[in-house]
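Protein chains: 2
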Amino acid sequence: MSVTEQVLARIDATFEAAQARWIDWLRIPSISAQPKHAADCRAAAEYACNELASLGFDASVRETTGHPVVVAHHPGPNSSDVGGQVPHLLYYGHYDVQPADPLELWASPPFEPTIVDGPYGKRVYARGAVDDKGQVQMWLSAFRAWFEETGTMPCRISVLIEGEEETGSLGFKPFVEANREEFNKADMIVVSDTGMWDIDTPALSTSLRGMVYMEVILKAASRDLHSGMYGGSALNPINALTKALGQLKNEEGRVMLPGYYDGVRDISSRQANQWASLGFSEDKFLGDIGLSEAYGEKGRGALERLWARPTCDICGIWGGYSGPGTKTVIASEAGAKVSFRLVPGQEPRQVADAFKAFMQARVPKDAKLTFITHGEAEGLEIGTDSPIVQAAAAALEDEYGKPAVMIGCGGSIPVVETFQKALGLESLLMGFGLDDDQVHSPNEKFEVACFRHGLRSHARLLGRLGGQ
Amino acid sequence: MSVTEQVLARIDATFEAAQARWIDWLRIPSISAQPKHAADCRAAAEYACNELASLGFDASVRETTGHPVVVAHHPGPNSSDVGGQVPHLLYYGHYDVQPADPLELWASPPFEPTIVDGPYGKRVYARGAVDDKGQVQMWLSAFRAWFEETGTMPCRISVLIEGEEETGSLGFKPFVEANREEFNKADMIVVSDTGMWDIDTPALSTSLRGMVYMEVILKAASRDLHSGMYGGSALNPINALTKALGQLKNEEGRVMLPGYYDGVRDISSRQANQWASLGFSEDKFLGDIGLSEAYGEKGRGALERLWARPTCDICGIWGGYSGPGTKTVIASEAGAKVSFRLVPGQEPRQVADAFKAFMQARVPKDAKLTFITHGEAEGLEIGTDSPIVQAAAAALEDEYGKPAVMIGCGGSIPVVETFQKALGLESLLMGFGLDDDQVHSPNEKFEVACFRHGLRSHARLLGRLGGQ
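Protein sequences, first through last, are from chains A and B.
The numbers in the numbering used here rise by one with no breaks, and the one at position 280 of the first sequence is 280.
The numbers in the numbering used here rise by one with no breaks, and the one at position 431 of the second sequence is 431.
Treat the hints as calculated values from the structure; they're not laboratory data.
Any given hint could be a false lead.
You can't tell identical chains apart in this list, so a pair holds if it fits in one copy or across any two.
Said to hold, decoys possible - 30 Å max Cα-Cα, derived DSSO-like pairs, lysine-lysine:
#1 Lys298 x Lys368
#2 Lys356 x Lys421
#3 Lys185 x Lys36
#4 Lys402 x Lys284
#5 Lys365 x Lys421
#6 Lys185 x Lys284
#7 Lys298 x Lys36
#8 Lys402 x Lys219
#9 Lys365 x Lys284
#10 Lys421 x Lys185
#11 Lys284 x Lys36
#12 Lys365 x Lys298
#13 Lys284 x Lys219
#14 Lys122 x Lys368
#15 Lys356 x Lys219
#16 Lys298 x Lys284
#17 Lys122 x Lys284
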C-alpha cells in the first residue's frame, strides 16, 4: 500500500470530520460586498488560519486595504526522505461569498447549512457550499489527511485565501504585488473554483473568460417629481436609462459597443472538434432552468458562446418606486450594474471606456452619468503541457477511472491574471462544481460526492507530485 | 359687516387652532399602498369623521373593499332664515398619502410635521402636507368657522373623504356606485386637490389628464443564474425588459404604442392663446429642478404638453442585484411600473391593451410577461359656465384681489370621472398647491399662506352660495 493509498484510506475513515469542518465554515456569513459583514469575513479568515496552523503551517491572517487574507507556508518533507526536490504549489481560494438575497427564495436559511438527499446522494445547501468554501475545504482536508498520516506535507505548499474575490479583489491584488517575493518561488498556482464536466467526468479548465463589471448611475432632476405635474416636460431617468441599455445588444445577440470584437479570435478547428466531441446538449442545459432556446450570439456553437465568446449581461437595475401598488413618480436617478465577460484579445480598460462612451452618446443632455468600475480582468488561456497539469490529469483519472476533459470556463477568476502578471505563475484550475450548483443564486449547493472525490483527487495530486 | 365677513374674522382669530388640527392629522402615516399602514388609514378616517361630527354633521366611517371612507351630511340652514333654497355641495378629498420613501432624502421625518421659514413665510413639511390632508383641512376648517359663527352651514353639504386615492380608489369607486342615491342629489362636487397658478394668483382647473398605470413583470429562467456560467446562452430578463421599455418613446418624445394618439385632439386656438397669455416660463419651471431643457413631445407648447398631451413615464424598475459592490447574476425576473397620462379622446382600456401587445411583440419567446393594471381613468374637461364655478371664481377674486385663471392639470384625479359617470355630477377643482410643493416626493410641503387663503376662499364660496 503506497503512502498515497494510506492517505486515501484515512480520508475515507475520517470523512465525517471533514464534512463537519466544511459545514462549520459555511455558518459564517462572510459576504464581502456588505460592510456589515466585515467581522464575519474576518472570522472566516481566522477559521481557515487556525486550521492551517494546526497542520504545521506557518499561518497568519494578514491585513489588506480590504478584507484580510490568510497566508500560510509549509516547507514540505525533509528532502532526504523523498529523494530529492519536490514541487512547490501555491494554493489559492477565497473565503468570501456572494450576497444571499433574494432570501425568500431559499428553501433553507443560506447560512444554516442543510443536508438533503438528491439524485447523487447527500448534498449540502448553503451560500458558499461550493463557491468557494466547499472547494477550499477539499484541499484543506487533503492537507490534514497527509499531515495526520505522515506528520508533514508531501510537497512544499504556500496558501493564499482571500476575502474579496466576489467584489473584485481590490485589496488582494496590491497585497500580492507588494509581497511578490514571498510567493513567486512557487512552481504553479492550484485553484479549485471551477467545475467538472458532469458528476462522473472530471475536468481541468484551460480557458477562463475575463470581466469588466460596471455600475452606471443616471441622475436627472434634483429631486423626485410627480409624474402628473412634470410628465411631458421633465427628463425621466428610467426612460433614458432603459433606452440606452436596451441598445447594448442587437437582435443577433451581438454586443454593440464599437470595437468590442476587435482582437477576439475564432476558436481553432481542433478546439471546436474537441468541444463538439463532449456531446454537450444545450437543450438540456437550458431546459433544466426552464428555457427553450439560446439567447447568445447567432451562428456560434453552444460551448463556444459560453467559453470563447464575450457577452454582456445587466446584473441589476433599479430606480423609482418598486413597492406594492403605485407611486406616480419621476425618479431623480436610476442605475444599473452591467457585466461584460471577456475573452483573450479584449482589453478590459478599452471595454470600460467603450461602455462609457456608448452610454454617454445615447442619453440626453441633462442626464448626468456616473460610472463605477467594480472589476477588470482579461480573459485567459492556460497551457496543458506542464508536468503539474499532467500530474493533475493523471490524479483525476486515477480517482474517477476515466480521463479528465479539458474545458473552458465561462466565469472569471480575475486573480489568475494577477498571478500571471505579478508572480509570473500559471494556474492549475481543478474544480469539482456542477452546472446545477446554483452558484450566486438562492439554494446554492454542493454534492457530498463531489466533495469526497475532490478531496481524494487533491490528496492524489499531492502524492503524485511528492513521489509517494 | 356681512355674515361672511364675520366668519373670515373668526378664521383669522382662530387660525392657530386650524393649523394645529392640520398638523395633528399629518402625524398619522396613512399610506394606503402599504398594508402595514391599514390601521393608520383607519385612524386618519376616524380623525376626519370626529371633526365632522363635532360640526353638526351626520358623520360616519363606512367600510369598502379597501380602506374605509368618511361620509357626512349636513342639511344646511333652515330655509326660512336664508329666504330660499341653497345649493347642495358634495366635498370630496382623500386622507391617504403616498409612500414616503426614499426616507433618507427627507430633511425632517415625513410624519413629524415640521414648520420652517420659507420665501412666503412659514411652511409645513410632511407627507400629505398638501396632498391631500392640507387641502381637505382647509374646507373642514371653513366648515368649523361657519359652524362656530352661525351654528349651522350656509349650504347643504355632503362629504366623501376616501382612503385609496393614491392607489387607484379600487374600493371607493364601487362604494360610490353602490350608494349612488345617497350622493347624486348634490349640485356639484368640490375638490381641493389641484394647484394655484402661483403664490399670488388663484386658479380653477378645467382639464385633467387621465391615467393608465401598469406593472409588467418579465420572468425567464426558473432561478437566478451565474452570469459566467450562463452568460451567452440564457435569456437575461433585464436585458430583455430594457430593450422593450427603451422603445416606448422615440427621439421626438412621441409614445410609440400603435394607435396611442388616435382620438387626441389638438387644443383650440382660443385655448392656446389663453395659456400663452399666462406667461409660463418652462425654463424656470425646469431650472428649479436642475434641468436645462424639456423632454416632451417636440413641436408642442410647454403647457400644452403638461395639460393636453398624453405621456409615458416609467415610475419604477427593478431586477437582479442592486446592493453595494457586485453580484455576477442573471436574474430570473425583472419588472417595471409604467404610467401613461391620458387626455380626452383616449380610451384607458385600449392603451392598456396596446402596451401589453407592444411589450409582447418585443420580448423573446422564453420571456413570460405578467401585467397588472393598477388604475385606469380617462382624461376630462370641465365646463366653466355653471353658477357654482362662477361663484368660486368670484370668491377667489375677492380673496386674492385678482381674477382666478382657468388652467389645466397634468395630474389625474380619477374619481372626478367616477363622479361624472356614477352620479352625473361635474366637479369644481379649486386647489391651493404650488408647483414646488414636492407632492409625491421627499420633503413635501404646503405654504401656510396657501392654507390660510385657501381656508378663507372656501369660507367665502360657502357664503356666496348661501347668500350670506
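Each hint, compared with the structure:
1. Lys298 x Lys368: Only across copies: lysine 298 and lysine 368 sit 22 Å apart there, 34 Å inside one copy, limit 30 Å.
2. Lys356 x Lys421: within (26 Å within a copy, 52 Å between copies)
3. Lys185 x Lys36: Answer is neither; intra-copy 37 Å and inter-copy 62 Å both fail.
4. Lys402 x Lys284: Intra 23 Å, inter 75 Å, cutoff 30 Å: intra-copy only.
5. Lys365 x Lys421: Neither. Shortest intra-copy (41 Å) and inter-copy (44 Å) distances fail the 30 Å Cα cut-off.
6. Lys185 x Lys284: neither (44 Å within a copy, 67 Å between copies)
7. Lys298 x Lys36: So lysine 298 and lysine 36 fail the 30 Å test inside a copy (43 Å) and across (48 Å) alike.
8. Lys402 x Lys219: Cα proximity of lysine 402 and lysine 219: none, with 56 Å in one copy and 40 Å across.
9. Lys365 x Lys284: Classified as between: cross-chain Cα gap 17 Å, same-chain 46 Å, threshold 30 Å.
10. Lys421 x Lys185: within (14 Å within a copy, 85 Å between copies)
11. Lys284 x Lys36: Intra 40 Å, inter 43 Å, cutoff 30 Å: neither.
12. Lys365 x Lys298: between (35 Å within a copy, 15 Å between copies)
13. Lys284 x Lys219: between (42 Å within a copy, 19 Å between copies)
14. Lys122 x Lys368: Neither, since 52 Å and 34 Å both go past 30 Å.
15. Lys356 x Lys219: Both, since 15 Å and 28 Å are each at most 30 Å.
16. Lys298 x Lys284: Only inside one copy: lysine 298 and lysine 284 sit 19 Å apart there, 50 Å across copies, limit 30 Å.
17. Lys122 x Lys284: within (23 Å within a copy, 67 Å between copies)
Figure legend: structure checked against the earlier numbered hints; hints not met, in rising order: 3, 5, 6, 7, 8, 11 and 14.
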